[in-house]
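K.L.:
Please model the complete structure; the sequences and the hints are all you need to start from.
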Amino acid sequence: MQGQMTAPSIPGARPRLSLEASDGQARRRKIVNGIMTTLIGAAALLGVSILGIILGYIIVKGAPALNLDFFTKAPPALGEAGGGVAPAIRGSLLIVGLASLVGIPVGLGAGIYLAEFGRGRFADTVRFIADLMTGLPSIAIGAVAWALLVKRGIGTYNAIAGSVALAIIMIPIITRTTEEILKLVPNNLREASLALGTPRWKTIVSVVLPVARSGILTGVILSVARVSGETAPLLLTVLGNSFASNNLRGPMAALPLEIYQYATKSPFADSFTKAWGASLVLIIIIGLLSLSVRLAARLGGPQARR
Amino acid sequence: MAVQTARRAEKLPGGRVNLAGRGSALGDRAFQGIAFAFAASILVLIVTIFVVLFVDARVALAQEGLRFITGQVWNPNESIFGALPYIYGTIFTSLIGLLIATPIAVGASLYIVEYAPNWLRAPISFIVELLAVIPSVIYGFWGLAVLAPFLRDRVERPLKAALGDVPVLNALVEGPARGRDMFVAGVILSIMILPTIMSVAREVISTVPGTQREGMLALGATKWEMIKGAVLPYARGGIVGAAILGLGRAIGETMAVTMLIGNSSTKISWSLLTPGYTMASAIANQFADANSAVHFSAIIGVAVVLLFVTGAVNLVARLIVSRFGGDTRATGI
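Chains D and V, in that order, are what the protein sequence lines are.
Quick note: the first sequence, position 287, residue 287 per our numbering, numbers continuous.
Quick note: the second sequence, position 143, residue 143 per our numbering, numbers continuous.
Be a bit skeptical, because a hint or two may be false.
Stated by the list, open to error - A few chain V residues facing chain D, derived, Cβ under 7 Å:
#	residue
1	31
2	33
3	38
4	41
5	46
6	47
7	131
8	141
9	146
10	150
11	170
12	171
13	174
14	191
15	252
16	254
What the hints assert, rightly or not - BS3-like, lysine-lysine: derived pairs with alpha carbons at most 30 Å apart:
#	chain 1	residue 1	chain 2	residue 2
17	D	61	D	73
18	V	228	V	160
19	D	30	V	267
20	D	265	V	267
21	D	61	D	30
22	D	73	D	265
Claimed, not checked - Over 10 Å on every C-beta distance to chain V, these chain D residues come out as not near it, computed from the model:
#	residue
23	24
24	42
25	43
26	71
27	74
28	94
29	98
30	116
31	129
32	156
33	172
34	230
35	250
Worth flagging that the hints you see were computed from the coordinates, not collected in a lab.
Keep in mind that this is a model prediction, so the values were computed, not measured.
Ideal placement from N, C-alpha and C gives every residue a C-beta, glycine not left out.
P.N.:
Rendered as structure tokens:
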């Protein structure tokens with residue numbers, strides 16, 4: 001590749017090029033070029049291999065922990081082998097599900113507003129705030145839910161506060177991706193529909209949204225995947241609880257919290273095995289969500305830029 | 001569906017052509033109203049966030065005043081709250097992360113744009129960006145189990161042996177090498193912010209016009225000279241923006257840092273081996289013990305400072321990146 005691109009490989013021109021005053025200098029330039037090319041290649045290789053190393057550890061160390069018990073049983077007493085993370089999986093589903101129930105409609109509604117009606121100062125402000133909110137540290141949002149719903153409000157650590165925190169994280173993400181995708185829908189589709197006398201709302205619901213369906217779905221699923229792994233806001237609100245609980249007003253187990261507990265709080269050798277297993281399960285859940293996004297992308301329609 | 005509506009419109013009495021129909025005008029207004037309410041709820045949210053944080057931080061901020069961010073003592077038992085060690089730890093670890101991640105991200109971006117064959121470009125970008133999908137707590141656990149022991153034995157101890165007797169530089173390796181310190185936290189941060197920096201840097205580098213490159217090459221430059229002379233100067237602004245965007249991410253990162261930074265010393269020191277705190281890790285470590293009203297308020301106060309720092313850093317990054325032709329949205333989520 002080098003040879004094709006660099007001019008000095010033209011033999012006859014060598015002595016006359018002013019950039020190549022002497023052979024010694026030419027050799028030095030070639031060596032520098034070689035070193036930098038190697039470094040640049042090494043950087044790319046490093047960036048790619050880090051993912052392989054991390055995933056490799058999770059799969060190799062996590063796979064032995066997985067068996068039927070791991071998915072169906074509650075954890076045993078501290079330090080004992082066996083048992084599983086069933087309450088944590090169920091807790092995660094409950095907390096993330098509740099967050100989605102609030103976050104998805106609000107995010108979609110706001111995104112539709114920005115794309116279809118959003119002109120003027122109000123819309124610009126909402127857009128700016130939504131952008132700003134996607135950059136807020138999740139622990140700060142967790143701290144708000146902690147102050148509002150744990151310290152005040154309900155008075156104990158509780159699952160609702162966790163769901164609220166996750167919903168706040170989801171909303172701006174869904175809002176912005178929905179808006180971006182709706183803006184990609186060609187305007188002549190809207191015009192054609194309006195010209196036929198279709199009211200605006202019906203144009204949006206039955207022409208614009210169906211065209212953008214797969215792209216919107218992508219944004220929604222990515223936001224669900226993102227909050228499924230969130231730990232800090234849950235730590236401050238849900239706290240964690242190894243036992244099965246359906247009480248939304250009390251502490252609840254969740255997969256990311258389970259990993260944190262096993263990794264840091266428990267001194268037994270078996271706990272690391274459990275943490276690897278729980279990590280693998282979490283990665284698989286998030287991976288499946290992301291994979292379904294790729295499948296949705298195959299269905300066609302305008303896509304979010306990722 | 002559209003045809004039906006049109007037909008209904010024709011039937012309107014009085015020969016008036018009302019394409020939308022009266023019912024639909026109402027429908028339009030209702031639909032827009034609902035959508036507006038959802039959009040407005042985002043403003044309500046941000047206002048709520050700020051009001052809650054400020055109201056709850058008031059007690060501690062009133063007690064400490066400016067000392068809240070300049071004081072070096074944080075002692076809940078004696079009700080003294082100076083968050084400077086946390087602020088310092090946040091900056092120190094983020095800068096370590098940035099120093100490691102930026103060259104790798106720029107190098108990988110250059111490889112993708114300038115060197116890689118076409119078929120390899122998308123896969124490399126995709127793989128590096130997948131790093132952004134891994135949850136923070138898994139980075140933390142992997143860091144505890146794999147990275148920390150490795151860095152302690154292969155980097156920190158040799159570094160301590162090499163620099164321990166060198167004047168000035170030995171300040172960098174003061175204290176025992178435990179593998180739970182600023183350095184390990186910085187390294188895990190560098191991995192976590194790599195995809196953020198890389199996706200923006202790659203985009204900025206790919207916007208450099210081909211004529212710039214051709215001009216350099218036609219003058220007989222080597223490929224590296226072309227990159228140094230034509231690509232990097234053109235993309236510099238955007239790369240700086242990308243790095244600041246990564247900084248914004250590093251500052252707010254919680255779980256991985258909390259699990260690896262040690263959380264036991266509030267000493268402000270240059271040592272990479274300090275088992276310190278960041279603002280985020282201090283919140284995650286202390287919220288459960290915040291039984292007094294002032295301690296609770298002080299923790300919320302740390303969240304307020306964290307919010308302002310990340311807000312400011314993100315704003316600056318976005319301004320720079322958008323000015324230099326990148327797209328912050330390219331960072332994924």
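K.L.:
Hint by hint, note whether the structure agrees.
P.N.:
Evaluated hints:
1. For residue 31 of chain V, the suggested interface contact is upheld, since its CB lies about 3 Å from the closest CB of chain D, less than 7 Å.
2. Evaluation of the residue 33 of chain V hint against chain D yields a violated restraint, the C-beta minimum of about 10 Å exceeding 7 Å.
3. Checking residue 38 of chain V against chain D by beta carbon gives a least distance of about 3 Å; that is within 7 Å, so the hint holds.
4. Taking 7 Å as the C-beta contact cut-off toward chain D, the hint placing residue 41 of chain V at the interface holds, the least distance being around 6 Å.
5. Contact between residue 46 of chain V and chain D, as hinted, is supported at the beta carbon level, the nearest pair being about 5 Å apart and thus within 7 Å.
6. Hint on residue 47 of chain V is violated. Least Cβ distance to chain D is approximately 9 Å, over the 7 Å limit.
7. A cut of 7 Å between beta carbons decides the hint on residue 131 of chain V: the least distance to chain D is about 5 Å, and the hint holds.
8. Satisfaction of the interface hint for residue 141 of chain V is found here, the shortest Cβ-Cβ separation to chain D being roughly 4 Å, below the 7 Å cut-off.
9. Among the interface hints, the one on residue 146 of chain V holds; its C-beta lies about 6 Å from the nearest C-beta in chain D, closer than the 7 Å criterion.
10. Here the hint on residue 150 of chain V is broken, as its CB sits about 11 Å from the closest CB of chain D, past 7 Å.
11. The closest approach between the C-beta of residue 170 of chain V and any C-beta of chain D is roughly 29 Å, which is over the 7 Å cut-off, so the hint fails.
12. A least Cβ separation of about 29 Å between residue 171 of chain V and chain D goes past the 7 Å threshold, and the interface hint is therefore violated.
13. For residue 174 of chain V, the interface hint is violated, since its Cβ never comes within 7 Å of a Cβ in chain D; the closest pair sits about 26 Å apart.
14. Contact between residue 191 of chain V and chain D, as hinted, is supported at the beta carbon level, the nearest pair being about 6 Å apart and thus within 7 Å.
15. Here the hint on residue 252 of chain V is kept, as its CB sits about 3 Å from the closest CB of chain D, short of 7 Å.
16. Taken as an interface hint, residue 254 of chain V checks out: its beta carbon lies about 4 Å from the nearest beta carbon of chain D, inside 7 Å.
17. Among the hinted pairs, residue 61 of chain D with residue 73 of chain D is consistent with the structure: their alpha-carbon atoms are about 20 Å apart, no more than 30 Å.
18. At most 30 Å may separate the alpha-carbon atoms for a hinted pair to count; residue 228 of chain V and residue 160 of chain V exceed this at roughly 35 Å.
19. At roughly 49 Å between alpha-carbon atoms, residue 30 of chain D and residue 267 of chain V are farther apart than 30 Å, so this suggested pair is violated.
20. Our distance criterion of 30 Å between C-alpha atoms is met by residue 265 of chain D and residue 267 of chain V, whose separation comes to about 25 Å.
21. For the suggested pair residue 61 of chain D and residue 30 of chain D, the alpha carbons sit about 45 Å apart, so the restraint of at most 30 Å is broken.
22. Taking the CA atoms of residue 73 of chain D and residue 265 of chain D, the gap is about 21 Å. The hint holds against a cut of 30 Å.
23. No Cβ of chain V comes within 10 Å of the Cβ of residue 24 of chain D; the nearest lies about 15 Å off, and the non-interface call holds.
24. The Cβ of residue 42 of chain D does not lie farther than 10 Å from every Cβ of chain V; its closest approach is about 7 Å, which violates its non-interface assignment.
25. Non-interface status of residue 43 of chain D relative to chain V is broken: a Cβ of that chain comes within 10 Å, the nearest being about 3 Å off.
26. With a cut of 10 Å on Cβ distances, residue 71 of chain D stays outside the contact zone with chain V, its closest approach being about 18 Å.
27. The beta carbon of residue 74 of chain D sits about 20 Å from the closest Cβ of chain V, which is more than 10 Å, so the claim that it is off the interface holds.
28. For residue 94 of chain D, the non-interface assignment is confirmed: its Cβ lies about 18 Å from the closest Cβ of chain V, beyond the 10 Å cut-off.
29. The Cβ of residue 98 of chain D sits about 17 Å from the closest Cβ of chain V, beyond the 10 Å cut-off, so the non-interface label holds.
30. Listed as a non-interface residue, residue 116 of chain D fails to keep its Cβ farther than 10 Å from every Cβ of chain V; the least gap is roughly 7 Å.
31. Non-interface status of residue 129 of chain D relative to chain V is broken: a Cβ of that chain comes within 10 Å, the nearest being about 5 Å off.
32. For residue 156 of chain D, the requirement that its beta carbon stay farther than 10 Å from each beta carbon of chain V is met, with the minimum near 12 Å.
33. The beta carbon of residue 172 of chain D is not kept farther than 10 Å from every beta carbon of chain V, the shortest such distance being approximately 7 Å.
34. For residue 230 of chain D, the condition that its CB be more than 10 Å from all CB atoms of chain V is violated, with the nearest at approximately 7 Å.
35. Non-interface status of residue 250 of chain D relative to chain V is upheld: no Cβ of that chain comes within 10 Å, the nearest being about 16 Å off.
When the structure is compared with the earlier hints, violations turn up for hints 2, 6, 10, 11, 12, 13, 18, 19, 21, 24, 25, 30, 31, 33, 34 and for no others.
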